[in-house]
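Asks: Each chain, letter by letter, is given below.
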Amino acid sequence: MNISVILTIAAVVWLEMLRRKDIYVLLILLATLLFALLSFDIFNLHGIAAYVKDVGLSFSWLFAWILAVVMGARQLPTEEKQGTIYTLLAKPISRAELLIGKWLGAWSITVAATLCFYSLIIAVALFRNSGFSPPLLLQAVLLHASALSVVCSLALAFSTRMTTDAASAICFVITGSAMVFLPRIPDLMRDLDGAHSALMTFLYCAMPHFEVFDLRQRLVYDATPARWSIVGMIIAYAALMTGAVMILAWLGYRNKKFVRGGAA
Amino acid sequence: MKKWHSFSDKRWLWIFGVCLWGMATILYSVLASQPLASGAGDNSVASRVMGKCVTAFAETAFDRAELAFHSGRPQYREKAFSNDLFQVWHREIAPTGHAHLEGGQTKEVLAWLRFASLLDPHSVKYHLIAAFWLQGKDIGRPDEARRVLLEARAKNPESYVVYMGLGRLYAKTDDKLLAHRCYDRALVLWPRGKAPDDDQFQTNLDKRELLSRRAILREIEGDTAGAISDMKSIVELFPASPLIRARLLLLETGQKPQDSPAQRWGVLRNPEYHPLCEDASHEHDEPDDPHEHDGG
Numbered sequence: 000m001n002i003s004v005i006l007t008i009a010a011v012v013w014l015e016m017l018r019r020k021d022i023y024v025l026l027i028l029l030a031t032l033l034f035a036l037l038s039f040d041i042f043n044l045h046g047i048a049a050y051v052k053d054v055g056l057s058f059s060w061l062f063a064w065i066l067a068v069v070m071g072a073r074q075l076p077t078e079e080k081q082g083t084i085y086t087l088l089a090k091p092i093s094r095a096e097l098l099i100g101k102w103l104g105a106w107s108i109t110v111a112a113t114l115c116f117y118s119l120i121i122a123v124a125l126f127r128n129s130g131f132s133p134p135l136l137l138q139a140v141l142l143h144a145s146a147l148s149v150v151c152s153l154a155l156a157f158s159t160r161m162t163t164d165a166a167s168a169i170c171f172v173i174t175g176s177a178m179v180f181l182p183r184i185p186d187l188m189r190d191l192d193g194a195h196s197a198l199m200t201f202l203y204c205a206m207p208h209f210e211v212f213d214l215r216q217r218l219v220y221d222a223t224p225a226r227w228s229i230v231g232m233i234i235a236y237a238a239l240m241t242g243a244v245m246i247l248a249w250l251g252y253r254n255k256k257f258v259r260g261g262a263a
Numbered sequence: 000m001k002k003w004h005s006f007s008d009k010r011w012l013w014i015f016g017v018c019l020w021g022m023a024t025i026l027y028s029v030l031a032s033q034p035l036a037s038g039a040g041d042n043s044v045a046s047r048v049m050g051k052c053v054t055a056f057a058e059t060a061f062d063r064a065e066l067a068f069h070s071g072r073p074q075y076r077e078k079a080f081s082n083d084l085f086q087v088w089h090r091e092i093a094p095t096g097h098a099h100l101e102g103g104q105t106k107e108v109l110a111w112l113r114f115a116s117l118l119d120p121h122s123v124k125y126h127l128i129a130a131f132w133l134q135g136k137d138i139g140r141p142d143e144a145r146r147v148l149l150e151a152r153a154k155n156p157e158s159y160v161v162y163m164g165l166g167r168l169y170a171k172t173d174d175k176l177l178a179h180r181c182y183d184r185a186l187v188l189w190p191r192g193k194a195p196d197d198d199q200f201q202t203n204l205d206k207r208e209l210l211s212r213r214a215i216l217r218e219i220e221g222d223t224a225g226a227i228s229d230m231k232s233i234v235e236l237f238p239a240s241p242l243i244r245a246r247l248l249l250l251e252t253g254q255k256p257q258d259s260p261a262q263r264w265g266v267l268r269n270p271e272y273h274p275l276c277e278d279a280s281h282e283h284d285e286p287d288d289p290h291e292h293d294g295g
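Protein chains in written order, with numbering that gives the first Met the number 0: chain W, 0 to 263; chain V, 0 to 295.
This is chain W alone, in the form it adopts within the complex (with noise of 0.2 Å):
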């Protein structure tokens, strides 16, 4: 395993994302909510906050989330159509090496927006003389950060036998209802027995928990940062969930065989 080919891979990667402009038209797009939140007058009160942090958040969740799915499914079909993956392999570069520098590539990136994401929201909220507990601050992006490396793997990992918009669409759905879905299975399972119930448990344990990773209420509600032990015990989850996402990844593409004008 060669990381200064992981690494120019990645680098790659970044200058293609700096080309397209997409993190750009969504931090307009953040700031342009923003504002418009700012801008409410709510009974003429002054120095409320928690609503805009709260909305910002989950929004920088929500492009943060969509940037991740789609950069990580365009990839691989996008060398795959424009016929650039010939010269890539032809290279002394290892299928594995090019799965990992994409996936370090699309997740850097994904994270670097997030970061640019949340000073938008920190400036913001220090606008309102409000702000965030610094070490909650860093456990939230970190822990942010783990859960876009497994919804960048997941992408990738589809789009290794998939087209672009196939893979983006089902890492959409699976990562969405993994969000909205998952977290209310013991709430559901109250009331079911049997296939139904087995079914829901299986689903409850495959499925990435993408709720552990959100930080977003204690960061507006509650100054007390998280256990570092728990903390760190979440990202070796991330970090193990990636890794398993990216054998799949390995296994589904290191016996590929490519044709002219193919996938994208």
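Please note: incorrect hints may appear among the correct ones.
[Stated by the list, open to error] So, partial list: chain V residues that the calculated Cβ filter (under 10 Å) puts toward chain W:
| # | residue |
| --- | --- |
| 1 | Ile25 |
| 2 | Ser81 |
| 3 | Val108 |
| 4 | Leu117 |
Bear in mind the hints are in silico, worked out from the structure with no lab data behind them. All values derive from a computational prediction rather than experimental measurement. Cβ coordinates follow ideal geometry from the N, Cα and C atoms, glycine included.
Could you slot chain V onto chain W? The hints should help.
Replies: Just chain V now, kept in the frame of chain W:
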């Protein structure tokens, strides 16, 4: 055009379009401040669908107000299991337990209530709860509470609940004349314009509050006959009201009750309850005396 092609594929245009549409909807509701929810008049499919969506958004904003009031702690739900690793982690990560915003912090809930009231101006509960917090001692803005209730009245002129809210506000500021007028109007309108999720029992409780408050005001004004009539109406609604019956008996026999009407009024006009919290520790037992209950 070339730049647009290189900038992204069509997917981004869709996302951008949807976001713009969302912002336009919010801006429209704020600037025009017109009823977007299922209002009277336009019964087209589009307006009904739009109305449902906006009502759902308003309800979501109300849920966020509840969440904000409980400092980000969601309502407890019973689960099939709760000791798996993910839930244990989640309990460590997310705020848990039961807590409330206190003092000046309570204004944080008002942002969400404002959104809810703008999105669905026909659901008077958002206005009423916002007015409750605004007139409370922590925020102390009865002027804004009055503004939000007048806004609700303009959108819901037939709702007795809005007049009840205005009556509570005037009672709080000890404006007996206006409070009396509001109770009169509310009793004329009752039970029109009740909140959709209020059952008959709640509607009857509201009537009892209105009647008991008006009865006290009538006693203060020296209109004993009017007060007796209101108390009789309360006994008809809730026959098991021993304290009301006792007071009624005293008034009917021309005797003076132990506590003066002014003292009663002082108790009535400062009720303490949490409209965003259903925790058992804040709930009142079903009172046999309306004076012991919220404003009634």
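Asks: For every hint, state whether the structure bears it out.
Replies: For each hint, the structure was consulted:
no.	hint	in the structure
1	Ile25	7 Å, holds
2	Ser81	6 Å, holds
3	Val108	9 Å, holds
4	Leu117	9 Å, holds
Comparing the model with each earlier hint shows no violations; every hint is respected.
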